[in-house]
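2 protein chains.
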Amino acid sequence: MDVAVIGLGLIGGSVLRALASTGHRVLGYDADPATRATARTAAAQAPADGRWQVARTVRDAVARAELVVIAVPLPAVAGVLDELASAGYTGLVTDVTSIKGPVQALVDRHLRVGSDRLAGFVGGHPMAGRETSGFGAADPSLFTGCAWVLCLEPGSTSLADWLEVAELITRLNARVVPAVADEHDRAVAAVSHVPHLMASALAAVAADDPLAGTLGAGSFRDGTRVAATRPDLVAAMCGGNAAAVGPALDAVLDALVRARAALDGPDPIDGLRTWLEPGSAARLAWPPRGGTPVELPAESDALLRLGRAGGWVTRVADDRRTVTAVRPAHRDPA
Amino acid sequence: MDVAVIGLGLIGGSVLRALASTGHRVLGYDADPATRATARTAAAQAPADGRWQVARTVRDAVARAELVVIAVPLPAVAGVLDELASAGYTGLVTDVTSIKGPVQALVDRHLRVGSDRLAGFVGGHPMAGRETSGFGAADPSLFTGCAWVLCLEPGSTSLADWLEVAELITRLNARVVPAVADEHDRAVAAVSHVPHLMASALAAVAADDPLAGTLGAGSFRDGTRVAATRPDLVAAMCGGNAAAVGPALDAVLDALVRARAALDGPDPIDGLRTWLEPGSAARLAWPPRGGTPVELPAESDALLRLGRAGGWVTRVADDRRTVTAVRPAHRDPA
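Going down the list, the sequences are from chains A and B.
Sequential numbering from 1 applies to the first sequence in my numbering.
Sequential numbering from 1 applies to the second sequence in my numbering.
Do not take every clue at face value.
[As the list claims (entries may be wrong)] One side of the interface only, derived from the structure: several residues of chain B facing chain A at Cβ under 10 Å:
1. Met1
2. Asp49
3. Leu159
4. Gly213
5. Gly223
6. Pro268
7. Arg283
8. Pro287
Think of the hints as simulated: they come from the structure by calculation, not from any bench.
Here the structure is a predicted model, which means the values were calculated and not measured.
Just so it is clear, CB atoms sit at the ideal spot from N, CA and C, and this is done for glycine as well.
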């Protein structure tokens, strides 16, 4: 398949390398000339079976593409969509942005206007962050075993398009998770955006006491690790998903207010023990382990039910009529 | 020095091995016969310069001791203190329990009654938790570089006793942090106890949505790691320190409520960026890096000021008149 990857940071660069190493013809592009030069040098050193090329413009990159992967930060997505529209691109488009509702809205506004044939869009999000960034950190095996959401919007995403992209992503050894954009945005609010806010609150409050900073050990180190992320990136991620992050943060605040009441109660130790049990059981059961793979019909309802149950797709059948699906196995706390 | 270590779990076992390897004569004891047998077997296999012995009773363990290290969980501390009192023990006592105010209160009630000569007590807390537990996980190098609080209670701790214990602990390569019990309990509430409660809240809330569990990645894994700790242990730790954990949790709740308001504000991205900056700067400046070592007079006020400033002691001079102290170096965020 001819694929264009627009944006060659950690994720885009890793997608480029992973797709090239699975036999696709890949053209990359990045708005930053230095990044393009780095990628070109790396391409010249790549083995023959994992080679890609670097284009000088978005238009050049997508000229022959059947699939475009948009791997730029959210604020730059609209500009790329405009370039695709002005290039008359009508193939498949996916993205790797961490919020899906807003991207879907941008696609409706910027890509699907003024062209006779419409490009097909399947929103995506690989859950594969890392401390490192930039093309230099790109790793073709970054997605092995990682959850990769592909949005299946009723009335918007074509099932055929979804299966086409899903087929490609499963070959990167990712777990393809079908979801609608709203479900995705609510879930990442709970497991990614709220954790960033909590880490920041914890780090800021402890900073008021130098003694506390000196006594911080494992629980503080891990609980605050992502607080070191650049504030503008976290603000864009959480603020761009404010409608979902608000209620997710409320749920955590409610739980902590109950812990606070237990601390003031007649028996804080007993009250907290009861309060702590659900979180302990949940963490012992996480991450979900897959049960026995089953064949599922490749239909929207079945796929979305699978995603809601915490399941994922590991393979799309060649005839695109079924998928191999894995549901989380029930696991008793150790 | 003749030292008895009562309680041979991860911390007690590591203290035993670390002290034995620095040349002390160490006798260990554990209430659990199986743990005593494990420790005896390990003693037989230990090199000649790191050998210790295992006693059959607390009384036997402390009969010749100049220092007793109490390394049992908080609920068992009173019983050990009673045994020391009934054995007529009048040497030095320290402990490794994670809350210091309540232990000081137990010492006043259980150890310092009914004996003509009083045992000297210096409360301690090495910040060296680990996932593993039990004597089998004990490691003589566990304390290298770790902060180890030694309490210096005005009107209660003898400075000579403090310096004696501090001298011993610095030789385990730990950073000895002088503090009063209340300061310690407030600091660990912020950097250890509240992080445990937050991890639990995060894990419990995400468990409501199977999709969220499947999408959880690095920020969720790290932000919830300590939620898997046994609820009874966390409840004892946080509930036993309720007076300090309550206000520390309030401070974090206040910060999160301000983040919540930013999410509802006219520009969530801009509002959150401002809100995130202190936490990001704080985390980038953590852990504190030591500045140039200086000599300080070995006096209570100077030592406590050092601890409040986030500093620590690395050496006690042979004449016990000065200590080598390190204050955190100012560090610009990267």
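Cross-check of the supplied hints:
no. : hint   : verdict
1   : Met1   : violated (27 Å)
2   : Asp49  : violated (29 Å)
3   : Leu159 : violated (19 Å)
4   : Gly213 : holds (5 Å)
5   : Gly223 : holds (4 Å)
6   : Pro268 : holds (4 Å)
7   : Arg283 : holds (4 Å)
8   : Pro287 : holds (7 Å)
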